[in-house]
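A.B. asks: Spelled out from the first residue to the last, the chains are:
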Amino acid sequence: MRLEPIANPGFARSTLPPVLAIATTVVVASALAMLAGANPFAVLGLILKGAAGSKFALLETLNRATPLIFTGLAVAVAFRARFWNIGAEAQLYAGALMTVVLGTGALPWEAGALLPVLALAAMLAGALVLLVPAILKVRFGVDEVVTTLLFNFIFLLFISLLLEGPLKDPMGMGWPKSERVVAEARLPRIVEGLRLHWGFALALIAAGVVWVIERRSTLGYEMRAVGLNREAARFAGIPVNAVLIKTALLSGGLAALAGFSEVAGLKGSLTLDLSPGFGYTGIIVAMLALLNPLAVVAAALFVAGIFVGADSMSRAVGVPTYLADIMLATALLLMVLAILLTRFRVVRE
Amino acid sequence: MTGAEAAQVVLRLDRITKRFDALTANDAVSLDLRRGEVVALLGENGAGKTTLMNILFGQYTADEGRVEVMGRDLPPGNSRAALQAGVGMVHQHFTLADNMTVLENVTLGTEPLWRWRSDQSVARARLADLVRDFRLTVDPDARVGSLTVGERQRVEILKALYREARILILDEPTAVLTPQETVDLFATLRKAVAMGLSIMFISHKLHEVMDISDRIVVLRHGRVVAEMATADTDRHALAAAMVGSEISAPRVAPGNPGAALLRLSDVSTPDRGNAPGLKRVMLALRAGQITGLAGVSGNGQAALADLIGGLCVPESGRLDLDGQTRDRWSPRVAVEHGIARIPEDRHKTGTIADFTLTENAVLESYHKPPMSRNGWMNWGQAEAETQAIIRGYDVRCPGPDTRIRLLSGGNMQKLILGRVLEAAPRIILANQPVRGLDIGAVNYVHEQLLKARDRGAAVLLISEDLDEIMALSDVIHVMSQGRLSPEFARGSMTPTDLGVWMAGHGFDEGLAHAS
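If you're matching them up, the sequences are chains B and E in order.
Be aware that the first sequence starts at 1, since it is given in full-length UniProt numbering, and climbs by one per residue.
Be aware that the second sequence starts at 1, since it is given in full-length UniProt numbering, and climbs by one per residue.
Hints in this document: simulated from the structure, not taken from any laboratory.
Since we're looking at a predicted model, the values are computed, not measured.
Positions of the beta carbon are idealized from the N, C-alpha and C atoms, including for glycine.
Keep in mind that the hints are not guaranteed to be accurate.
[Unchecked claim] If you only want the chain E side, here are some residues facing chain B, beta carbon under 8 Å, derived: (1) V183; (2) P331; (3) W376; (4) G380.
Only chain E is shown next, with the shape it has when bound in the complex (with noise of 0.2 Å):
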């Protein structure tokens, strides 16, 4: 865009720091927007991204540093504040109401809540004008329940428009477009970009950035690693900032894979909402070898992580363990069968919060002896178990008997390696098993994978981190919209080519590129 150095700055970020305990989510990030223009806030998952957006709204307070709308300071922790200054932001998951009209998602919270009749026509009648002017097409009789997708966030977009926004920042919009629309978001943003208003879109989708954006900014460990002009810049060089080139050769020694412990032979599964399934999938998990899953979050990994800790089965293709189909699949015989899970969100799926260590430690292994006999529980064992697990693995904590929600995040998660690795497992399911937790434990927990590997284990490692993936992988997969792609040996691709697939390009060029 000509012109836009001299533009008026609408917002600034200036050294915003944020720390959660050991991790430092972001990192004296400085960011401007100027009039007119769209910034691309551009990284990984874990990046910062978010925790920037929170706190530009007020959902967080700054450690350090402070935001400026219109040249003005915006007090912290004040979401009420940013939405007068002008600043509109359209969610990833939306906040509309789905029983009620689009008119009235649009008008909620600008009118009195009590009144004896509302008076909606001046209101449709600026509705109907910023439909015109955006092109944004959606009938204002229709309840929000019965709109697709690309309509509800139309009408996100609207709610923002008729509260005056000046600034619009879109939380990763196209991660539920079809291609279609995603085209006419473009086509509107485009049409707001020169009625003036300013954008930022947060993505970490490569095409769309370059297609959209003037300016690029892009956060990795909650800093600022590269800032360009769309123009000076490629896909390629955006991939590199994006995942770091730092580490390109694997960090340890080689394992020694054996026999396939697990098999996935053309295995589908039902997409589920947004979240693509797999689409015929050919996996094998080899003893003694760490197979990284790398990807863009959001891709299939959940559905394949679902499939193999026994929470659904194919809808087609097998499962073999063992060279053996299961006819029974489910978490359970999962376990039994030495598969060892630890799931993407520990606070949600891996532990209980108000369950005590103790009866976190024993979730899986409860129901037979030693834990339990005929249906009574052994908490003396259950609690020398979980000792053995405190001491073994590390655990920081007051003891047994506390309640794991007022763990960290890493002694949390050696809670659930120790409950898992205790069975001596021979597969391991490791979900983004480091996200959120500080360097030590960071290290720990891959000491641990590596560990396993050593003797015998195979394990899956699924990441964002494409750093975690390169340097403990044997051998890497990349998934994009539920395909996986072929195995690629370690050491012979670089941060760069993953992040060509990661962006979904090389599945229909097919194996050319792989060898």
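With the rest of the complex left out, here is chain B (with noise of 0.2 Å):
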């Protein structure tokens, strides 16, 4: 068997396959949900009622949606000029780091001022934290996976070290947590009353100026030339090396804003927990947005509301949440072969 490239596929072909892979995806949960000994149909009702049934179970998913949204940017940005960052994780905990820094009184300013600082701050040190994988590979060619990969252990024992001590809350009573940021430096709720921050609204923002980079900037032109084709686009004079580190650069600090908007609109204090794995499920909320950064906003609401409604459905009939789990996984690998094979045809020898 081999794959022919098809040339100008057809609505059923580019349709058709995505839509199967996400039947399955609900097929194979079913299943799962039948073997943990539970009514599938319920499962699945209870999933999407604790995903967006209610005011509450909406919010939710939005507020859990925010920092995804922010590392499937922040990955479908450096995916786009084939820069493989895996490292969103340790980005997004730069970002929460520089927060919690300059935010619990460094700075004694008003939250019109505070807030962007910080936001910009926390950018800049996720940017940093890119930069030296990013560095290694244009000078050495150090493969990116690898460091990127292997700086989130780094970097979350770094964090853990700073929590330990120098940024260690005094009234945490022995917990691994830093103090609070100050007032000033809260993201405000957009309706006062709902749960949910200013964050999201940033990060729709994020979404769209991402969007406009990729089209109409010729750093967006230069990021797409470098990663459909890096040999032309050095032919063409493109300063391949140059496209990679700025590429590196916006996309660690889209991933700081995912931890910058954590702190600020959520959490308020840095501990260890505060992400569990968004960096990570940024790969698969971009790899589901086929790296579009608006279809990034869908895929996070998509992944955030099987996340959330799976924590509900767990609640109300006992099937672990891990089902979660391997939905997404599914999901991801159905779809990954799904785009597959809307650009391939499948030939028999």
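Using the hints, put the two standalone chains together into the complex.
C.D. replies: Okay, structure coming up:
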């Protein structure tokens, strides 16, 4: 068997495989739910209800989607230029760290001045964290998959060191937890009384900005050219290494905004469980969105919905929340396969 | 070889025809290979040798004709069937696993993948026999990654022999070898033939073909143009058959040479793997003149193209533009100084397949006004420019938003022409500009190059097609092993003369031959 590229896939060819992928995911989830002794329709219904069945559920999903939009954008931007940033987790923590360092009273400013500074400082921190693997790649050809991945562990241990030492909250009763940021460093709620902070709006704006950069700016054009065909880009005179560095800075900055938004909008302080793997889930989000920045928003909502819905379902019928992980993993694998099938035809020898 | 006529035919290609759109790569090619015989398949790049072998090996399916091995039809499009029928192929680019040992590479694919433990002693003994019988000295436990190119080739041959191949096909086997390794290879091949194997030897090196083969089949533009016993021919007759002699005088009016716009003085560049770099090259590209560069591919043309195109810098020697040496030298600097570059590989280097025509059209100009301002693209302007190219250069396409991968090679090339010629360049580097194009597109590209020459551009035309070189060029150089021949005036050399230079002769005798 071999794959033969399809020059011009028709409508059916480009829509059917992804639809089948989602359908198969649902079937797999149903089978697992039955295996756990529950009615699959009830389980799926509860997941849906838990994700979007009430105002509370919906807001919870939007809150959960916020960091995923940022990390999804970070991954999408990097992958677009074929810069494999697996380290959004580390960059997220770098952003959170910066927010806590500067937001716990070091800058005695009003919210209107403090919040933008915190966001920019966080982006800078995340960008610097990714700058190291980017330089190693363009200078010495070190594989960024390895460096960015390993940086996640190094950086988390570094955070752990800080939380046990200089950043430890003296009032924290011994928990590895930072002080809380000051009130001026908290992102306000979008609508008073509703548990949804401005981080979500910022994420939407970021998606729009990234989309405009990709489509309208020379940098976006360069990123896409470098990603699609590095040899041709180099031949045409595009400074490939400079583009990779800029891409890394943008990607790291976006991932760091997730950390900023989680600390300033939701948690208020830095802990080691600030992110339950938002950096890694960002990869799933970006892939499901086919790296399209606007589709990242939809994919992040989908993924967040499954997580939130599965939590609520699990409480109701006792099927483990791992079902959510399996559903996402299945959806991702099948979606990758489906995308392949929209572009290639399987030929038997 | 005596009695070859009487020997059994082991491989027969019968009127094989293969078309790619308008291009006929193989046109009713018929060929017999007998037991214990070495047949050389001779032809320039693009003559159809590789296509023919790919059909034999099942990578392509022929439009017409059939393949017969040992008197039996070979099912089309089936690589495995060719292997099982006893055909072994040694590719130009080796298909070995670098991280495995020689023994593992040789046995790979002949044993089931999943086993508790594999008994290597039988395989080891067989391999040792083959090494001895064929004098293919190589350590069975060495990792392939640590072997020299010559040794890797031996592993490839061992692989075929281990699979009990009765027919060996060697695709440009000496292209990567040192002279001594070539001598060893030929010794091995003679052994193999003595043991009853049959060998198809694909090459464009005349002296090797004369040395090793019993019969020679010459392919040209997809057709068999000559077939002769090696004993009955000589190198000059072969060169003439290979490059054709129908056109010996330039077709077009001579140009009006002006000042040298680009000059290389004593330039050398490092070798790249097996590809030679430039060896003390002297070259002047004059305004209003087409300089043709002939040569067998892989003799340094790529190094020269990369140098002029801005992708590499001289290791020693000078590159002067308008009489001045440039400190910074990059693709962008080259373009800014009016060098138009038509790359050898329009699919991989010249265009980005998944970009639209518009996005491809501005690849070299996107970073400055009017295509962009302050980092923001002006797509409206880019699209207008693309529309102008589509009209001006007759690019047949659904529109500027089409992804360029959907275009034919000819239309792709026209877009590239438009992209580089719209800027009215003063120097044009055309590297294999018509390879793989149909005749209409070929003529179009040539017309554009002549038009540019007539308005005063200096054109460097790199081609393996001697007809093309002779038809268009005002002056001709030949490249061999990174060395550049003296400049030959138009009409002063016959194809046979040039063929001798292409085969690497004349460089030592020097100027005596040139005058």
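A.B. asks: Confirm or reject each hint.
C.D. replies: Comparing the hints with the structure gives:
Because the closest C-beta pair between V183 (chain E) and chain B is about 37 Å apart, greater than 8 Å, the hint is violated. The beta carbon of P331 (chain E) comes within 4 Å of a beta carbon in chain B, closer than 8 Å, and the hint placing it at the interface holds. With its C-beta approaching chain B no nearer than about 6 Å, W376 (chain E) sits inside the 8 Å limit, and its interface hint holds. At its closest, the beta carbon of G380 (chain E) sits 11 Å from a beta carbon of chain B; the interface hint therefore is violated under the 8 Å criterion.
Violation of the numbered hints given earlier is confined to hints 1, 4; the remaining hints are satisfied by the structure.
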